[in-house]
Amino acid sequence: MTLELSLYHYVVLSTVLFAIGAYGIITAQNAVRILMSIEIVLNSANINLVAFSSYLGDLGGQVLATFTIAVAAAEAGIGLAILLVLYRNFGTVNMGDIKNLRW
Amino acid sequence: MMAGDLIVFYIISIITILAAFNVVRAQRIMYSVLSLTLALMGVAGIFVTLGAEFLAAIQVLVYAGGVVILLLFAIMLTKSHEQFKRPRGVHTMPRIFAGSVFVISLFFYITRVDWRTSIGDMVLSRGSVTGTVEEIGRQIFLLSDATGYGFVIPFELISLVLLASMIGAIFLAKKEASP
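Chains as they are written, first to last, in this note's numbering: chain A, 1 to 103; chain B, 1 to 179.
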């Protein structure tokens with residue numbers, strides 16, 4: 001570990017957040033919690049983009065991060081609309097109870 | 001003697017990591033949404049420490065002002081706030097396995113990778129980049145690269161993506177017409 005703030009710190013933060021988000025996507029039972037974990041994963045990717053943009057002196061990373069935020073917001077909206085249809089059809093959003101396609 | 005920016009980074013990042021962990025492991029989902037708001041604000045703080053002010057403002061506006069509100073609507077409309085997490089004993093072993101896979105691989109990644117050879121000396125010196133609105137606008141519209149258009153085409157396509165997602169979400173979520 002370095003004693004000066006470096007790119008290393010931001011990449012490690014991004015990795016830890018990604019791992020937490022991925023763990024949430026795998027183990028969550030409520031569908032809304034899964035969507036929240038997806039948002040955490042997307043934010044970790046954004047941290048990575050902006051950190052590299054800052055340390056390389058290139059603003060393209062920040063522009064790409066802006067686009068990523070826009071797409072993530074659009075995807076969250078659609079994901080929640082799908083969730084509402086799911087609730088309408090099954091009566092629950094608990095992923096453990098929706099078993100029609102399981103063996 | 002640690003520099004001030006290192007202390008600020010550690011404070012913000014520890015808050016963000018703990019909030020993200022609470023999103024995944026909280027009992028009630030309302031606590032989860034509030035922790036997600038805190039985590040997203042922490043990420044906005046990280047953007048400020050990196051000098052990306054425009055992006056930090058966009059992060060606050062879009063995520064705290066949009067996505068979190070949508071999530072709250074979804075929780076209320078699906079009545080998820082009345083359910084608790086299942087008690088321990090169900091699916092405990094797969095959870096522990098997934099968690100330990102992540103923790104062990106994180107440990108190996110953080111401590112065994114030799115950062116100096118893989119990233120080089122860009123690690124310590126920040127490039128001189130300012131993330132103000134004017135600079136980002138200049139990067140989108142006035143950049144002269146191989147295509148000659150910079151980021152204008154993705155900028156326009158994003159508006160189409162947002163329009164399509166709005167139409168799709170409204171169409172999916174509206175009540176079915178009664179026969």
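Derived by calculation from the structure, the hints in this document are not laboratory data.
Warning: the hint list may mix true and false statements.
[What the hints assert, rightly or not] These stretches of chain B come out as covered by chain A in the derived footprint (C-beta under 8 Å, 3 or more residues):
#1 11 to 19
#2 33 to 39
#3 55 to 64
#4 93 to 105
#5 132 to 142
#6 167 to 174
Here a beta-carbon is modelled for each residue, glycine too, at the ideal position from N, C-alpha and C.
Against the structure, the hints:
no., hint, result
1, 11 to 19, "holds (count 3)"
2, 33 to 39, "holds (count 3)"
3, 55 to 64, "holds (count 5)"
4, 93 to 105, "holds (count 7)"
5, 132 to 142, "holds (count 4)"
6, 167 to 174, "holds (count 5)"
Of the numbered hints given earlier, the model fails none.
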